[in-house]
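K.L.:
Sequence:
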Amino acid sequence: MVQSLFKLAVTGALAFAVVNAQDPASSAVAPKPTAAPANPSAGPECVPAADSSMCSAFVGQSIDLRMAREEAGPRWQWDLQSVVNIGSLDRALTSMMMPETTANKTDDMYNYFGCPNWEGSGWRYRLTSICGYLVTQSSKCPGNANQGMVCPAVWNASLTSGVAQFRNVTQCPAAKTTTVTTLFEFVNSFIVAPADQPCYTADLELNNCGFGNTPQEKDLAATFCKSNQAEPCCRDLNLPLSQLRPKQQAGSSTSITSPPTSTASASAEGASVSTDKASGVSVGLIAGIAAGGLVLALAVIITAFVCVRRRRQERELWQAHTKLVQKTNTPVFASPDPRASPTGSPRHYAPSPAEFAPAHPSPSYQQQQHHQHQGYNNDRYTPQGY
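Numbering (UniProt numbering) for the sequence shown: 1 to 386.
Please keep in mind that the hints were generated in silico from the structure rather than gathered at the bench.
Watch out, some of these pointers could steer you wrong.
[Stated by the list, open to error] Derived DEER-like restraints, expressed as beta-carbon distance ranges:
| id | residue 1 | residue 2 | range |
| --- | --- | --- | --- |
| 1 | N207 | F305 | 45 to 53 angstroms |
| 2 | S121 | A153 | 16 to 24 angstroms |
| 3 | G143 | N228 | 35 to 43 angstroms |
| 4 | T223 | I286 | 25 to 33 angstroms |
| 5 | T178 | D236 | 35 to 43 angstroms |
| 6 | N111 | I289 | 29 to 37 angstroms |
| 7 | P173 | G87 | 32 to 40 angstroms |
| 8 | S56 | S121 | 50 to 58 angstroms |
Cβ atoms here follow ideal geometry from the backbone N, Cα and C, with glycine treated the same way.
Make the full structure from the sequences, and use the hints.
P.N.:
Listed below in structure tokens is the structure:
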């Protein structure tokens, strides 16, 4: 009996030891769970791409939200698990496209692929590639085209820049190059639109050479177009000309052994900006002066023409008036009614009403002659006795 109990105790102790020996990592962190496989019997959850603020360029196509959650998200480590409608899809895509600082990065695709020092900036046409991927993979949605939708040149720029960023050892010191290459080859097999078919580019990347709209992305776009001004997209880039024009480097041909100080760099940058502004002001000032001078010259010419024409008309009117006066016998200032003739007019100097002197002098006539000799005014005297 005692031996039986002893054997039972020994057997229990050995079993406990074996169990503990087989679980040495019971305190280790559990691996990250993978997404559940897609349910083939479940139907698609299709929403129009045109209703999305991020993928609105793909008019006439739909996006399968179930495919986005269960297939695209786990494959690319995109955070699409909470996508249930068009609004949540836009929020997820916006979060993916807005670069965040590496210090505050969450566990996203860049960390997963070995790029802890990268937030996605510099990868051109990222949004176009993601939207094109989602649309093309939504094959269960009725009405979707059974072909690629992204323009060939756009996808080529996205592929080239994306691979270059993943191979940057500074931002991707532990990049999973093989996995990334396999994924890019997979997407390349279906995303490009045929040459004779219409293709699409995301609206938010249409006028900035595929770069984003953040200040960092705009700086990258300006840097890109400084070295690639022949690129067609750089002609539509919404940036000042001073940012696109290469800055002249001043200095001698000898190399600089020590880096410039921050003060010197700031001064050089300020001088360059000031030069650009001064050049713009000078051109604008010269153009304004030229336009003002032209307007002033036209005003002087028009005024001189009007004055000469007016004087000519006045001279012609005066000559016509003079000819009319010379042809008529009526005095110019004569009044048709002699009684209404004003003082100073020719009527005032008309002859006396008596056209002939009396044949025999009368006392009144003699008196009149007498007064005239004494200087009396004839206008104040009225003849009497006619």
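K.L.:
Please name the hints from earlier in the document that this structure breaks, with their numbers sorted from lowest to highest.
P.N.:
Checked against the structure, the hints that fail are numbers 6 and 8, while the rest are satisfied.
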